[in-house]
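1 is the number of the first residue of the sequence shown in our numbering; add one for each residue after it.
In short, the hints are calculated from the structure, not lab data. The model shown is predicted, which means the values in this text are computed figures rather than measured ones. Watch out, some of these pointers could steer you wrong.
Said to hold, decoys possible - Now the in silico label distances, taken between C-beta atoms and shown as ranges:
| id | residue 1 | residue 2 | range |
| --- | --- | --- | --- |
| 1 | 53 | 164 | 37 to 45 Å |
| 2 | 212 | 150 | 20 to 28 Å |
| 3 | 61 | 37 | 18 to 26 Å |
| 4 | 118 | 71 | 45 to 53 Å |
| 5 | 30 | 97 | 38 to 46 Å |
| 6 | 209 | 25 | 46 to 54 Å |
| 7 | 182 | 33 | 26 to 34 Å |
| 8 | 64 | 150 | 38 to 46 Å |
| 9 | 114 | 33 | 58 to 66 Å |
Backbone N, C-alpha and C define an ideal beta-carbon position, used for all residues, glycine too.
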Amino acid sequence: MIVREPKYHTVMEQLADFIADAEPGTPLETERELATRFATSRTTVRQALSALAAEGRVERTQGSGTFVAEPKRVFVHQLTSYSEDLRAQGRNPASIWVSVDRVTPTREVRTALALDGSAKVHRVERVRLVDGEPLAAEVAHLAGSLPRLRQEIDKRGSLYQTLREAYGVSFARAEDIVETGLASPREAALLGVDVGAPMLVVHRTAYDTDDRPVEYTRSVFRGDRFRFVARSSI
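Please build the complete structure, drawing on both the sequences and the hints.
Following this line, the structure appears as structure tokens:
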């Protein structure tokens, strides 16, 4: 079976070679100029640029043009905190704490944390920053009694560090489910992206040393700024 490659894909590959060697912020030629260079239509060029923008390789600004984007951040997902992961890469992580509340959990959260119908949980919402840029929106649900949680978080800045030091939680393992998604209106507002922008969604359930689920978190990462790398021994 012969599968024809779309015309725009050839243009996309050639532009990707240019982007790989260019500095972030470098402007690309106009659609008309690119169409002339590649001997194709502006429609084909527009498709190639849209595909590159969806992958986070270029940024398109109406009235200004198309520019080489910042490279994606590499995030190695393992049983450490977000802050620890990124500091190990020489990045400057931070969080904007949106809210810390005691709430009645949804059925999904109750199931993930193996709670009975009367239990309440702590709900922590925040925006993750790297080098000052908002890159992820996160809602964590925490089981157990965690008095003065907001104050303890403010002292340390890291949720995992707070749970370990202030409440004696010992993490043993975590299960992550990674899927794609589209930014909701709230997520778009928090992250400064368009509604419906492609996102990476991670559902994490973390367990303590007694194999009890203690944390259930939904993290929504900007698809144009993150990629996940899983490492394993074989």
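Results of checking the hints against the structure:
1. For residue 53 and residue 164, the hinted distance range of 37 to 45 Å is satisfied, since their beta carbons lie about 40 Å from each other.
2. Take residue 212 and residue 150: their Cβ atoms lie about 23 Å apart, and the range 20 to 28 Å holds.
3. In this structure the supplied range 18 to 26 Å holds for residue 61 paired with residue 37, their Cβ-Cβ distance being about 21 Å.
4. Between residue 118 and residue 71 the CB atoms are about 48 Å apart, so this pair conforms to the stated range of 45 to 53 Å.
5. For the hinted restraint 38 to 46 Å between residue 30 and residue 97, the CB-CB distance of approximately 43 Å keeps it satisfied.
6. The hinted range of 46 to 54 Å is satisfied by residue 209 and residue 25, whose Cβ atoms lie roughly 48 Å apart.
7. At about 32 Å, the CB distance of residue 182 to residue 33 agrees with the hint of 26 to 34 Å.
8. Checked against the given bound of 38 to 46 Å, the beta carbons of residue 64 and residue 150, roughly 41 Å apart, stay inside it.
9. Between residue 114 and residue 33, the C-beta spacing of about 60 Å keeps the proposed range 58 to 66 Å intact.
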